[in-house]
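Novice: Listed here are the chains, written in short residue letters.
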Amino acid sequence: MLEIELSKSFSNRDNPEFNLDVAFNARPGITVLFGPSGSGKSTTLQLIAGIATPDKGRVLVNGQTLFDSANRVNRPMRERRIGYLFQQLAVFPHIDVIDNVAFGIAGSKNTARKKAGEWLERFGISELAHRDPSSISGGEKQRVALARALAINPRLLLLDEPLSALDATTKRKLIEEIRRVDESSQIPIIYVTHDQGEAIALGESVLVYERGRIIADGQPLDVFSQPKSETVASLSGVENIFTGRIVEQHPDRGTMTCELGGCRIDVGFAPAQENIVRIAIRAGDILLSTIEPKGISARNTLEGKLRAIESVSHDVHAIVDCGVDFRVTITPHAQQELGLEVGNTVWLIIKSHSCYLLR
Amino acid sequence: MSLAESLQQVDWFPVRLSFEVAIIATAIALVIGVAIAWLLARKNIIGKEGIDALITLPLVLPPTVLGYYLLVLLSQRSPLGRFFDTFGIRLTFTVTAAIIAATIHALPLMVKAVRASFEDIDRTFEHSARLLGSSEWRVFWRITLPLAKRGILAATVLAFARALGDFGVTIMLAGNIPGRTQTAAVAIYDAVQSGRDNYALLLVVIISVLSVLVLYTTNKLSSRRLY
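Chains Z and G, in that order, are what the protein sequence lines are.
Here the working numbering is used: the first residue of the first sequence is 1, the next is one more, and so on.
Here the working numbering is used: the first residue of the second sequence is 1, the next is one more, and so on.
Treat the hints with care, as some may be off.
Short derived list, chain Z residues pointing at chain G, Cβ under 10 Å [what the hints assert, rightly or not]:
#1 Pro-76
#2 Arg-81
#3 Pro-93
#4 Ile-95
#5 Ala-106
Calculated from the model, a selection of chain G residues having no Cβ within reach of chain Z, i.e. all distances over 10 Å [what the hints assert, rightly or not]:
#6 Trp-38
#7 Ile-89
#8 Gly-133
#9 Pro-146
#10 Leu-147
#11 Ile-206
Listed next, with one range per pair, are the computed distances between beta-carbon atoms [said to hold, decoys possible]:
#12 G:Gly-47 x Z:Gln-226: 24 to 30 Å
#13 G:Thr-56 x Z:Lys-109: 37 to 43 Å
#14 G:Ile-46 x Z:Gly-29: 42 to 48 Å
Please keep in mind that the hints were generated in silico from the structure rather than gathered at the bench.
Even glycine gets a Cβ: it sits at the ideal position worked out from N, Cα and C.
The task is simple: from the sequences and hints, build the whole structure.
Specialist: Shown next as structure tokens:
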């Protein structure tokens, strides 16, 4: 169990003023720190590891204090037993692979090498033992760095965007490996990323960072699929975000009506302090019809004109003008079958519960 | 007179002294220089840039001016000179003086170049080593130093060249005592002044050939893979 409470102010040329202020507990398992670059995720790892010193706060691992500003405790990095994977990996370039893995293993050179050999075997890279780090691939380096970090039998594993430089296939394989490490090691793993796919693939729990603060937390799928803040919505790639004005409230019906400059939609009822709200709708949550739909449960059917059709990887985005532009994801097959063309009149069907009010 | 005959008649003392002095001075500058460079590159010590400026001073001061300062600082009338004199060590007009002169002359380049190569090292290597349980001492010997090896080697070659070539500081501090403190650079000057042009030319050629040889060997060594 990792328990932290950290605050630190920075002021330098790059960041005129930046305050990091976070507190969380992490159980054994993978906790993802997610957020835009510069939001303080990597800094959090550095403060936990002791690379940087917090102004105030505490870091506890399994009840043992590594840092406590109130009691002036600040254990040196070498005593913290934290496995750390840097973005640059930091595989020592001047020693071969096996000596890299043996570097942190206590004991004589021979015992250390022997144990390092076992780690290489575990990661399926025994044949790299005597290779020069400059001659191995990015994915292999990754495994070497991971093996080296785990070889010290750490109490905590910190991974700082370790997969950002890899291609999709290698990434998938390594995600599997990190999951296996997670299952066998039973220690808290803190994983920093700005990639939503990685966060969903790995995390049992995600903490969303914005400007040095945690603005959302929970299970990745919940956090991303029902965004409650603008940052989460835009980070998780929600295509439609509108500013609206609440014009009618119907707590009895469980809805309220919002005016979005040109059209009105009903969204799920939520007591709001302000009249102006931000609403996020996923392009994939909107249905598109070429005839006026009747007798459906969805609260919103909006008439509009098809303004443009764009290809987005394997899908098609239809852009429909209903007073404001909506982006709707459809399959190429649906596009063909409906014979969609720019200028057509279409209807959009949106469930109230697919409209997320953002904080 | 054949070349072999003339080589036999040459007074080799200045050449030998020059190389001995340069080698010892380079070794001292290497140890002190690496230590100072590490402090400047890695520690937040007070007056850091002041120390850097003081060490760089010999690079910009005219050698005779530097020699004069050292003479005042180390002469037998100075506190430092008196202190060493009680151990029977004279710091002026001796081989020791020549070594001090060459060391002071070579040190700034050493510190500058080694500091730069320390600062070039990605700090995450050192952080990784610490997190893998290494003491600061082990981090230095196993990570920092090996990663700066190439820069340190280059700096050592430059420092050696400067130590070998010093004239001004040496003549001020160690003087021009043939057979005792007369290094090759000083002997060449002396030979030209007293009209022994052939001897001067011979010394010039010998020093040039040996210098090129040293440079070539070190370049050869450093172009081999260091890590």
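Novice: Next step is simple, just say for each hint if it's right about the structure.
Specialist: Hints and how they fare:
1. A hinted interface residue such as Pro-76 (chain Z) counts as satisfied when its beta carbon comes closer than 10 Å to some beta carbon of chain G; here the least separation is about 8 Å, so the hint holds.
2. Because the closest C-beta pair between Arg-81 (chain Z) and chain G is about 8 Å apart, less than 10 Å, the hint holds.
3. Hint status for Pro-93 (chain Z) relative to chain G: holds, with the closest Cβ pair at about 6 Å, below 10 Å.
4. Interface restraint check for Ile-95 (chain Z): the shortest CB-CB distance to chain G comes to about 8 Å, inside 10 Å, so the restraint holds.
5. The beta carbon of Ala-106 (chain Z) comes within 7 Å of a beta carbon in chain G, closer than 10 Å, and the hint placing it at the interface holds.
6. The claim that Trp-38 (chain G) is not at the interface with chain Z holds, since no C-beta of that chain comes within 10 Å of its own (minimum 17 Å).
7. Separation of Ile-89 (chain G) from chain Z is adequate, the least Cβ-Cβ distance of about 40 Å exceeding the 10 Å criterion.
8. Some Cβ of chain Z comes within 10 Å of the Cβ of Gly-133 (chain G); the nearest lies about 5 Å off, and the non-interface call is violated.
9. For Pro-146 (chain G), the shortest C-beta to C-beta distance to chain Z comes to about 5 Å, within the 10 Å cut-off, and the non-interface label is violated.
10. Its beta-carbon lying about 6 Å from the closest one in chain Z, Leu-147 (chain G) breaks the requirement of being farther than 10 Å from that chain.
11. For Ile-206 (chain G), the requirement that its beta carbon stay farther than 10 Å from each beta carbon of chain Z is met, with the minimum near 38 Å.
12. For Gly-47 (chain G) and Gln-226 (chain Z), the hinted distance range of 24 to 30 Å is not satisfied, since their beta carbons lie about 57 Å from each other.
13. Thr-56 (chain G) and Lys-109 (chain Z) have their C-beta atoms about 41 Å apart, which keeps the hinted 37 to 43 Å range intact.
14. Range check, Ile-46 (chain G) to Gly-29 (chain Z): about 46 Å between beta-carbon atoms, so the 42 to 48 Å window is met.
Going through the hint list in order, the structure does not satisfy hints 8, 9, 10 and 12.
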